[in-house]
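2 protein chains.
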Amino acid sequence: MNSPAVLAATYRAHGRKLTPQRQLIFSLLHDNTTHPTADALYATASHKMPGISLRTVYQTLNELAEMGELQTIDLGEGVTRFDPNVDDHHHAICNVCGAITDVHVERASALRPKGVDGFNVDDIGVVFRGVCASCEASSKRSPSPQVKKSKSASTPTPKH
Amino acid sequence: MNSPAVLAATYRAHGRKLTPQRQLIFSLLHDNTTHPTADALYATASHKMPGISLRTVYQTLNELAEMGELQTIDLGEGVTRFDPNVDDHHHAICNVCGAITDVHVERASALRPKGVDGFNVDDIGVVFRGVCASCEASSKRSPSPQVKKSKSASTPTPKH
DNA sequence: GAGATAATTTGCAATTCGTGCGAACAAACA
DNA sequence: TGTTTGTTCGCACGAATTGCAAATTATCTC
Ligand SMILES: [Mn+2]
Ligand SMILES: [Mn+2]
Ligand SMILES: [Zn+2]
Ligand SMILES: [Zn+2]
Numbered sequence: 249m250n251s252p253a254v255l256a257a258t259y260r261a262h263g264r265k266l267t268p269q270r271q272l273i274f275s276l277l278h279d280n281t282t283h284p285t286a287d288a289l290y291a292t293a294s295h296k297m298p299g300i301s302l303r304t305v306y307q308t309l310n311e312l313a314e315m316g317e318l319q320t321i322d323l324g325e326g327v328t329r330f331d332p333n334v335d336d337h338h339h340a341i342c343n344v345c346g347a348i349t350d351v352h353v354e355r356a357s358a359l360r361p362k363g364v365d366g367f368n369v370d371d372i373g374v375v376f377r378g379v380c381a382s383c384e385a386s387s388k389r390s391p392s393p394q395v396k397k398s399k400s401a402s403t404p405t406p407k408h
Numbered sequence: 249m250n251s252p253a254v255l256a257a258t259y260r261a262h263g264r265k266l267t268p269q270r271q272l273i274f275s276l277l278h279d280n281t282t283h284p285t286a287d288a289l290y291a292t293a294s295h296k297m298p299g300i301s302l303r304t305v306y307q308t309l310n311e312l313a314e315m316g317e318l319q320t321i322d323l324g325e326g327v328t329r330f331d332p333n334v335d336d337h338h339h340a341i342c343n344v345c346g347a348i349t350d351v352h353v354e355r356a357s358a359l360r361p362k363g364v365d366g367f368n369v370d371d372i373g374v375v376f377r378g379v380c381a382s383c384e385a386s387s388k389r390s391p392s393p394q395v396k397k398s399k400s401a402s403t404p405t406p407k408h
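Residue numbers (our numbering), protein chains in the order written: chain A, 249 to 408; chain B, 249 to 408.
To be clear, the hints were calculated from the coordinates, so they are not data collected in a lab. There's no promise every hint is true.
When chains are identical, the list treats them as one kind, so a pair holds in a single copy or across two.
Simulated crosslink set (EDC-like; lysine to aspartate or glutamate; CA at most 16 angstroms straight-line) [what the hints assert, rightly or not]:
1. Lys362 / Asp350
2. Lys265 / Glu311
3. Lys362 / Asp335
4. Lys362 / Asp336
Please construct the entire structure, taking both the sequences and the accompanying hints into account.
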């Protein structure tokens, strides 16, 4: 995603207004590698700007995505996550703490779907699920059964 | 997924009852390669057994998944899909008609996430998005293709 | 600066997908 | 046939996200 300053210019160039709410969201997304949900961003935003609405957060995220400044990712948790990293990359998700990390996959674009004829590939997504280093370490320290439940137990905020 | 007959035995072995609703769902899933949603299965089931409830369809699907007879997949459409194919495989999704096809990916298990240290990979998922052969053909024939929409009729995630 | 104007923000209703719950029901078995 | 559970099913509820319209405000014009 572009810097808040560049985004400001982009917005004006698109005939969109530069509101304090939008500027705040730009700053919260800048260099944000946590793949936050709208709700998570709303929580943070509310801290700095009490009164901002969740609706506005959603709207701004959606327009950023529409403008290609942001990527939306859905990992099957029932919530949409937002990723300011629009470069070609993939993700690793920890089954224990829920942390989502950007990863690179060598020769990913060379992957081919076998078993379908004439399928024209536009995009390839690779998702790794497993246990992150930090969780692996703490499980060795104090072995407690840490199993990620299917649905409602979706992880709030990775605390590493 | 096992055959309806085998599932019947499995169910009994698990102390579960073999109801007509369950048997119907077993048969609807057998050799089903459409990756149906609960609602889609409910529609079909209702046809053969008027009065069956959506609740029961959900319940049966969930228990089959719990027993490992079925795989749940979430491709970010806002709905859970069910896949009787529990073998190691991946998916290709047509951006035009929404069809989801099973595909094989060579050396998929050899993929490694670069950029994270000590991440212990349990599972790798590869998703191809693009245009299926059939849609590709019809788009060449007539400029307006068939658009099957589920929830987000809006344009799929554009990245890069 | 003051005013006009169209874009934004917001709160709230509505929608969608799925689950919790409990009463009515029906397999399984003696 | 009766008893014992496990099941079914309707309905309320919950979470995530969007539709809507009134109130607000960024931005432009003079
Ligand atoms: Mn990312
Ligand atoms: Mn499949
Ligand atoms: Zn972790
Ligand atoms: Zn297609």
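Verification of the supplied hints:
Taking the closest pair of Cα atoms, Lys362 and Asp350 come within 16 angstroms of each other only across two copies (9 angstroms); inside a single copy the shortest separation is 26 angstroms, beyond that limit. For a Cα distance limit of 16 angstroms, the shortest separation of Lys265 from Glu311 inside one copy, 12 angstroms, qualifies, whereas the shortest one across copies, 51 angstroms, does not. In this assembly of identical chains, Lys362 and Asp335 lie within 16 angstroms of each other by CA distance solely across copies; the values are 15 angstroms between and 26 angstroms within a copy. With identical chains, the CA atoms of Lys362 and Asp336 are at most 16 angstroms apart between copies only, with a shortest distance of 13 angstroms across copies and 22 angstroms within one.
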